[in-house]
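Q: The residues making up each chain are set out below.
Protein chains: 4
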Amino acid sequence: MGMVGGGKDAFIGAIHRIAANMDGLIEVTCGALSINPEVAIASGKALFLSEDRTYLTYEEMIQKEKNLPAEKRIDFVTIVTPNFAHFAPAILALEAGFHVVIEKPMTFTLDEAKELKKKVDETGLLLCLTHTYSGYPMVKQARFLVQNGGFGKIRKIIVEYPQGWLSRLSEREGNAQAAWRTDPKKSGKSGSMGDIGTHAAHLAEYISGLKIIKLCADLNTIVEGRALDDDGSVLLRFDNGAVGVLIASQIAAGEENALKIRIYGENGGLEWAQMEPNTLIVKWLDQPTQLLRAGSNYTNILSSFATHNCRTPGGHPEGYLEAFGNIYRNFALSLQARLNNEKPTKEMMDFPKADEGVRGMAFIDTVVASNESDQKWTEFVV
Amino acid sequence: MGMVGGGKDAFIGAIHRIAANMDGLIEVTCGALSINPEVAIASGKALFLSEDRTYLTYEEMIQKEKNLPAEKRIDFVTIVTPNFAHFAPAILALEAGFHVVIEKPMTFTLDEAKELKKKVDETGLLLCLTHTYSGYPMVKQARFLVQNGGFGKIRKIIVEYPQGWLSRLSEREGNAQAAWRTDPKKSGKSGSMGDIGTHAAHLAEYISGLKIIKLCADLNTIVEGRALDDDGSVLLRFDNGAVGVLIASQIAAGEENALKIRIYGENGGLEWAQMEPNTLIVKWLDQPTQLLRAGSNYTNILSSFATHNCRTPGGHPEGYLEAFGNIYRNFALSLQARLNNEKPTKEMMDFPKADEGVRGMAFIDTVVASNESDQKWTEFVV
Amino acid sequence: MGMVGGGKDAFIGAIHRIAANMDGLIEVTCGALSINPEVAIASGKALFLSEDRTYLTYEEMIQKEKNLPAEKRIDFVTIVTPNFAHFAPAILALEAGFHVVIEKPMTFTLDEAKELKKKVDETGLLLCLTHTYSGYPMVKQARFLVQNGGFGKIRKIIVEYPQGWLSRLSEREGNAQAAWRTDPKKSGKSGSMGDIGTHAAHLAEYISGLKIIKLCADLNTIVEGRALDDDGSVLLRFDNGAVGVLIASQIAAGEENALKIRIYGENGGLEWAQMEPNTLIVKWLDQPTQLLRAGSNYTNILSSFATHNCRTPGGHPEGYLEAFGNIYRNFALSLQARLNNEKPTKEMMDFPKADEGVRGMAFIDTVVASNESDQKWTEFVV
Amino acid sequence: MGMVGGGKDAFIGAIHRIAANMDGLIEVTCGALSINPEVAIASGKALFLSEDRTYLTYEEMIQKEKNLPAEKRIDFVTIVTPNFAHFAPAILALEAGFHVVIEKPMTFTLDEAKELKKKVDETGLLLCLTHTYSGYPMVKQARFLVQNGGFGKIRKIIVEYPQGWLSRLSEREGNAQAAWRTDPKKSGKSGSMGDIGTHAAHLAEYISGLKIIKLCADLNTIVEGRALDDDGSVLLRFDNGAVGVLIASQIAAGEENALKIRIYGENGGLEWAQMEPNTLIVKWLDQPTQLLRAGSNYTNILSSFATHNCRTPGGHPEGYLEAFGNIYRNFALSLQARLNNEKPTKEMMDFPKADEGVRGMAFIDTVVASNESDQKWTEFVV
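Protein chains in written order, with our numbering: chain A, 1 to 382; chain B, 1 to 382; chain C, 1 to 382; chain D, 1 to 382.
Hints listed in this document are in silico derivations from the structure and should not be mistaken for laboratory results.
It cannot be assumed that every hint is accurate.
To be verified - Some chain C residues judged to face chain A by a derived CB distance under 7 Å, without partners named:
#: 1; residue: Asp286
#: 2; residue: Gln287
#: 3; residue: Pro288
#: 4; residue: Thr289
#: 5; residue: Gln290
#: 6; residue: Leu291
#: 7; residue: Leu292
#: 8; residue: Thr299
#: 9; residue: Phe305
Glycine included, every Cβ here is placed at the ideal spot set by N, Cα and C.
Using the sequences and the accompanying hints, generate a full structural model.
A: Right under this line is the structure:
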């Protein structure tokens with residue numbers, strides 16, 4: 001793979017590389033790792049890239065890789081730049097025939113997202129959106145149970161994502177992560193909702209199989225001097241009539257990365273928390289709560305979607321990097337199957353794609369519009 | 001004490017008696033335990049009441065007790081009837097010179113609540129509202145920490161109260177508790193918000209010391225055939241500018257009584273869950289999370305409000321009945337001090353009173369009004 | 001009831017009174033509350049005892065109460081003195097025809113225990129030993145599941161009881177509790193094992209239905225200057241061949257009262273921790289772990305022994321005082337049935353008795369003997 | 001690296017590869033992956049090894065790799081065969097000048113272990129023993145706190161390792177893992193103690209910095225028909241006078257991989273559980289319990305040993321594979337430093353070595369000897 005962005009000191013680039021390396025299916029072979037040429041070169045060296053494949057711009061990378069012989073050139077491009085710089089390299093890569101892995105939110109604007117999806121559809125190439133949390137095996141089990149677990153109609157969804165890392169004005173204290181994520185020119189029209197609200201919304205829709213159809217958002221910029229919202233709460237309605245609440249905050253002082261979802265149906269429900277990801281709590285109206293554990297070999301309980309995404313037996317905790325690795329692994333296995341003219345399994349193909357990227361951008365647009373409105377409800381349209 | 005309501009098969013009456021008995025400060029000496037005379041008599045017998053103080057109506061009880069010699073008659077009346085039958089006996093008791101303990105929500109309507117508060121103010125008698133959850137020692141510690149713990153300005157409050165017990169139409173299946181609580185003629189204009197939303201709102205205001213000033217409510221009647229809301233989510237604004245979310249649901253299948261609150265300030269925050277009530281989780285931006293435990297003898301950590309409300313050393317779990325007992329105990333100690341012409345301590349006087357009852361009724365009115373409005377925000381006025 | 005010991009500042013006496021009061025079945029009507037006459041009188045006053053039933057010695061109390069008319073005199077005597085002063089008042093009370101409630105360990109020596117049991121058998125009176133932890137509903141459910149839950153043969157038991165409160169030489173710093181419990185003349189031949197090891201051993205035998213037949217003990221006096229062991233670990237063998245470990249420590253700095261038991265059978269097992277007593281964790285070889293909760297209304301799961309000992313619905317935590325209250329309640333209900341010439345139910349009769357007191361004293365003797373031996377195993381004989 | 005063992009269907013070989021791949025520092029370039037030539041070849045293909053470096057025996061691998069030019073040949077050999085087949089390839093690799101990574105227990109016998117350590121000392125090469133659990137950042141923090149955290153003298157250590165996977169006679173049901181691990185010819189003289197007791201003992205010594213000096217073991221073969229112990233409990237004494245208990249069981253039905261350690265000192269202590277590895281619980285006599293979290297950026301709390309071994313910020317759970325990866329990463333960084341003629345940092349050099357392998361084998365010998373003895377205590381000598 002070739003990487004756009006993710007040079008030294010970038011947070012998410014390093015995560016992508018670990019996730020890609022983990023299963024021995026993918027090799028980082030080239031990159032345009034920084035817009036700063038010195039950083040690009042130093043980063044390439046640190047990653048043991050050959051000098052001739054340490055590029056200074058993504059245009060150069062895509063052009064030169066395209067011209068390499070098939071057995072040597074990369075199969076796909078990974079884009080880990082700040083949000084505003086997702087669209088251009090993604091389009092270029094697709095046009096050059098490369099598959100694409102891209103960070104969320106997929107683009108800077110909803111229009112870009114739609115255009116990118118159109119390009120994906122036209123080219124027939126794979127686009128993988130790294131909504132990491134949907135890579136956890138117990139999230140996949142949760143999705144399976146909603147459809148097959150006997151909960152009955154889903155009635156209520158509570159999804160929350162409290163973090164505390166932006167409790168101070170860190171963007172003015174040299175925190176590079178904070179700087180671009182709170183800058184509307186780089187991050188987009190929403191801060192907390194773009195960065196983590198989209199994860200929460202995706203998780204809710206992914207597990208429940210439902211779609212948000214309208215919402216009522218209250219976005220806040222709690223830390224004085226900040227340019228974008230750093231907190232928000234949203235009332236939700238889903239297409240089956242279910243109600244919900246989504247909370248995303250970056251000023252929940254003392255919280256780390258506490259994404260958590262609860263879904264309730266007629267007869268029971270489930271709870272999953274990212275910080276204890278190997279346990280799925282399943283609750284029942286008339287029976288004791290059950291703890292389903294990743295990697296366990298229960299009789300007829302874990303779905304193939306869950307077991308396919310576990311590397312170790314129960315009790316050997318897998319975490320965030322493995323969930324991220326699952327996104328890459330499924331993308332790579334699907335790609336491999338395709339290159340071998342085989343049909344990837346449905347378990348392999350279970351990774352987030354352009355459709356979900358478009359919905360993510362529409363979510364951002366809708367919560368921002370709702371926040372600016374005096375009306376209670378705003379329709380969620382794509 | 002004399003009890004109005006709470007005959008055999010009533011839920012909360014039995015709880016009140018355990019709470020009142022617990023510390024050997026209060027004796028149930030008379031009652032008008034049911035509007036059904038047979039139940040009233042049988043219930044009196046079961047409680048070892050003397051026959052001549054087993055009354056058939058609250059009017060009879062208040063009248064006859066008033067006429068007893070001072071050393072023999074009750075000091076206060078406890079009202080544990082359904083909501084619609086709170087006001088009349090409360091007024092009558094106060095007028096007869098008896099102090100009052102009363103279940104929440106305080107009355108059937110906001111007007112009644114205001115009138116009752118006026119009567120309390122006029123008579124100078126004590127009225128104790130059994131918002132049980134504020135009786136937990138770690139809730140009192142939480143309140144103390146918000147004011148003295150170094151969190152800085154409070155920014156966000158999330159309070160949730162999911163229950164699952166009304167997931168089915170139990171009111172049609174002979175569940176007496178469900179029957180009156182879902183009947184607008186007995187319960188009032190809201191179901192979930194009246195029954196448990198008021199607890200959540202009270203807890204948020206009690207711990208934070210803040211007041212809700214506006215809100216945006218989404219109330220739902222999820223179970224078909226039900227007459228009142230059984231679920232609701234509310235966006236909140238507090239008087240210091242803090243934002244918040246309140247979730248109350250009786251259709252969260254598989255949940256028991258999962259009241260939980262999280263409060264975040266500039267430098268840290270706290271989390272308390274009723275189902276593990278002896279632990280208060282205190283979180284910090286720059287320091288490890290701390291677990292404060294009821295009954296512990298830390299050096300200079302637990303406030304006098306917390307320690308005053310513990311009966312056992314750390315590790316001997318106290319629960320719901322003890323929290324309820326604390327409300328009674330503080331009321332009884334305050335009353336005792338008063339009868340002895342002493343000034344009760346501020347720890348003793350720390351129980352919910354008529355003011356909080358009025359705010360509870362205003363909360364119900366406001367969420368119902370907001371739910372019916374298309375406008376996002378509705379002012380919370382008392 | 002009449003109380004021997006438990007005057008002001010005694011820890012366990014106050015606990016007994018709350019437990020006895022809680023359900024409105026028992027009244028503290030007299031007491032010989034302290035060997036110090038001034039304390040005895042002041043304590044009686046604080047408890048609202050009448051002056052003529054505030055006795056100065058237990059001999060006086062038993063004698064005078066015996067001479068009262070039947071409808072006025074107490075039904076039973078509760079003994080909450082330090083261990084060395086259990087036997088004499090217990091024997092005297094039984095001989096005077098009073099039933100007895102007695103703190104554990106039952107006596108000062110094994111010989112006394114055997115003699116006391118003989119007296120109980122001769123008189124046919126009830127003796128209730130307050131092994132509090134067996135009063136928890138989920139402990140009763142655990143016992144039920146071992147016999148009816150499908151675990152198969154029990155193979156391994158791990159029971160642990162770490163506390164930290166004797167980590168310093170508190171007996172020299174004015175801690176009255178520490179003083180008598182570490183004094184061999186008042187406490188007996190073992191400190192940690194007598195005080196808390198007996199609870200752990202009782203819990204293991206009570207839940208499993210098995211008997212310890214041999215053991216290997218390592219007792220330690222960790223804090224310099226202390227006269228008795230404050231820590232110990234014991235390897236166990238049970239009569240069905242199961243193996244086990246018992247750990248009791250009073251120097252586990254930072255622990256509160258962390259009694260916990262795990263039992264494993266061929267197909268599954270269970271885990272219960274006193275500090276989260278309303279949850280029983282049930283584990284299976286081939287199925288997800290289940291969380292059984294006190295007070296829940298599952299279909300066909302909780303036994304009558306569990307539900308009989310719950311006062312509130314699931315999610316309203318009951319704790320140590322309620323468990324203690326269950327011991328008293330069951331004793332009182334059994335006594336009431338007896339006084340009414342009815343047969344108490346098996347749920348009522350499920351409280352610890354003299355047999356268990358004898359085994360407790362034999363446990364202390366055996367661990368002390370084993371600790372002094374170079375041989376690995378010491379037979380547990382009663 | 002070149003791998004000995006770890007062909008298709010082997011459990012631990014795949015884990016080693018993920019751990020080695022993760023950080024992009026190590027490449028699997030050759031292997032003698034199975035004693036079955038067909039499996040060896042198929043496994044090599046599955047790992048994308050070139051055919052000429054897919055060897056059929058470890059002798060062939062070591063010989064041929066040795067003869068490759070320096071820039072092409074492997075730097076080290078990883079040995080992941082069953083225990084009986086550790087020693088020979090390890091010695092051969094060292095003699096050929098290769099560094100070695102080796103699974104625990106280090107060898108089949110204590111004599112082999114001593115001889116291997118001697119060879120390591122003679123050659124001056126690195127030997128890394130994969131005691132995975134010591135790779136967790138919070139384990140390293142625990143070790144740091146014992147020395148720097150103010151606990152005072154360590155008094156008691158409780159380490160437990162319950163698993164349930166051998167609750168049935170799986171070795172007769174085609175479970176290859178169970179088959180060799182319960183076979184004395186392949187596994188060694190102890191089952192449970194060799195497989196997991198050694199991990200527990202290592203963890204206790206690693207964190208505490210203490211050495212076991214005597215012990216009293218009770219080993220059991222619970223499942224009928226099994227050749228080795230599948231359960232054991234051990235009383236411990238450490239060289240500073242601290243006491244302890246070690247429990248290791250493979251028949252704790254329903255347990256996954258529940259390694260947990262608790263260490264108590266004069267003023268406080270700590271608790272760490274492998275299944276929630278990112279939290280270190282720190283307890284104090286006079287202060288609230290603290291939760292130290294991996295990846296957090298507290299002010300002056302986490303040691304360099306902890307932070308060096310984290311890849312992600314707090315709240316992004318890292319797990320077993322990352323802990324394993326840390327062992328590899330530290331070994332690789334140390335090796336890299338050495339190849340660059342630099343001095344590795346002490347954080348890099350913090351991985352288990354031959355000394356710890358010798359102590360592990362001595363532990364197995366001592367528990368087996370103690371189990372066979374009637375005497376309570378057996379000296380632990382190396």
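Q: The hint names Gln287/C as touching chain A; please verify it with the least Cβ-Cβ distance against 7 Å.
A: holds, 6 Å
Q: Go through the hint on Gln290/C and say holds or violated, using the shortest Cβ distance to chain A against 7 Å.
A: holds, 4 Å
Q: Minimum Cβ distance from Thr289/C to chain A below 7 Å?
A: Since chain A brings a Cβ to about 4 Å from Thr289/C, closer than 7 Å, the hint holds.
Q: Was the hint right that Leu291/C lines chain A, CB cutoff 7 Å?
A: holds, 4 Å
Q: Should the interface hint for Pro288/C be scored as holding, given a Cβ-Cβ cut-off of 7 Å against chain A?
A: holds, 4 Å
Q: Under 7 Å, Cβ to Cβ, is where Asp286/C needs to be relative to chain A, so tell me if that hint holds or is violated.
A: Where the cut-off is 7 Å and the nearest Cβ of chain A is about 5 Å from Asp286/C, the hint holds.
Q: Answer holds if the nearest beta-carbon of chain A is closer than 7 Å to that of Phe305/C; otherwise answer violated.
A: violated, 17 Å
Q: Under 7 Å, Cβ to Cβ, is where Thr299/C needs to be relative to chain A, so tell me if that hint holds or is violated.
A: Hint holds; Thr299/C Cβ to chain A Cβ min 5 Å, cut 7 Å.
Q: Does Leu292/C pass the interface hint, meaning its C-beta sits closer than 7 Å to a C-beta of chain A?
A: holds, 5 Å
When the structure is compared with the earlier hints, a violation turns up for hint 9 alone.
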